[in-house]
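Taken in order, these protein sequences are the chains called V and H.
Quick note on my numbering: the first sequence kicks off at 1 and runs consecutively.
Quick note on my numbering: the second sequence kicks off at 1 and runs consecutively.
Do not rely on the hints blindly, as some may be mistaken.
[Stated by the list, open to error] The list that follows gives simulated cross-link-like pairs (lysine to any residue, SDA-like), each with its CA atoms no further than 25 Å apart: (1) LYS78(H) with PHE106(V); (2) LYS57(V) with LYS78(H); (3) LYS57(V) with THR24(H); (4) LYS57(V) with THR27(H); (5) LYS57(V) with ALA104(H).
Everything labelled a hint here was simulated from the structure, so no lab data went into it.
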Amino acid sequence: KAGVTQTPRYLIKTRGQQVTLSCSPISGHRSVSWYQQTPGQGLQFLFEYFSETQRNKGNFPGRFSGRQFSNSRSEMNVSTLELGDSALYLCASSLDLAERTDTQYFGPGTRLTVL
Amino acid sequence: AQTVTQSQPEMSVQEAETVTLSCTYDTSENNYYLFWYKQPPSRQMILVIRQEAYKQQNATENRFSVNFQKAAKSFSLKISDSQLGDTAMYFCAFSRVNDMRFGAGTRLTVKP
Numbered sequence: 001k002a003g004v005t006q007t008p009r010y011l012i013k014t015r016g017q018q019v020t021l022s023c024s025p026i027s028g029h030r031s032v033s034w035y036q037q038t039p040g041q042g043l044q045f046l047f048e049y050f051s052e053t054q055r056n057k058g059n060f061p062g063r064f065s066g067r068q069f070s071n072s073r074s075e076m077n078v079s080t081l082e083l084g085d086s087a088l089y090l091c092a093s094s095l096d097l098a099e100r101t102d103t104q105y106f107g108p109g110t111r112l113t114v115l
Numbered sequence: 001a002q003t004v005t006q007s008q009p010e011m012s013v014q015e016a017e018t019v020t021l022s023c024t025y026d027t028s029e030n031n032y033y034l035f036w037y038k039q040p041p042s043r044q045m046i047l048v049i050r051q052e053a054y055k056q057q058n059a060t061e062n063r064f065s066v067n068f069q070k071a072a073k074s075f076s077l078k079i080s081d082s083q084l085g086d087t088a089m090y091f092c093a094f095s096r097v098n099d100m101r102f103g104a105g106t107r108l109t110v111k112p
């Protein structure tokens, strides 16, 4: 099976712009989670989607949003970019994160740089 | 809220030696999962090993094993016969229904 894919891999934006990142989960996986990774804050949970519904949300401002499509592919959007949004954004998929037997598989990430 | 603490920001080990990475967590739950993930430099995060809290037996995957102490809320990772390819950031993670928390990570360097 193909792994989790994320596009684009690298992105450079300027303050005030908005950005959309895409994640394609492993075939058959229905849960997609997003994380922000920075040197200072480490890995922080953004949100999790399952069957097109946001099931859990981390402590991030409303500028961060996401959605999931019927084929389980997910997008996250960041509006009004700030310098502090520069980070590696990781997507992870699992069959169903609500199932305790489940394991998340990570994509390679999208490195976003905000100038 | 669940928190995960990795008290060793950086560690190093000689090739072929054994190293142990520490992780403690805080939860009031009884059923949960614990994971160790590895993130090599500029490469994808991959699962190293996982442990179900209801199992007393420590998980083992080849050269990787854990010491799970549920009462102490401790979950350490032991890497035996360290190899240069083990150089990476290692993250301890706690998972419950719909929620997953990561520690800050330990940067492990394996020296030749």
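Outcome of the hint check:
no. : hint                    : verdict
1   : LYS78(H) with PHE106(V) : holds (23 Å)
2   : LYS57(V) with LYS78(H)  : violated (33 Å)
3   : LYS57(V) with THR24(H)  : holds (24 Å)
4   : LYS57(V) with THR27(H)  : holds (19 Å)
5   : LYS57(V) with ALA104(H) : holds (20 Å)
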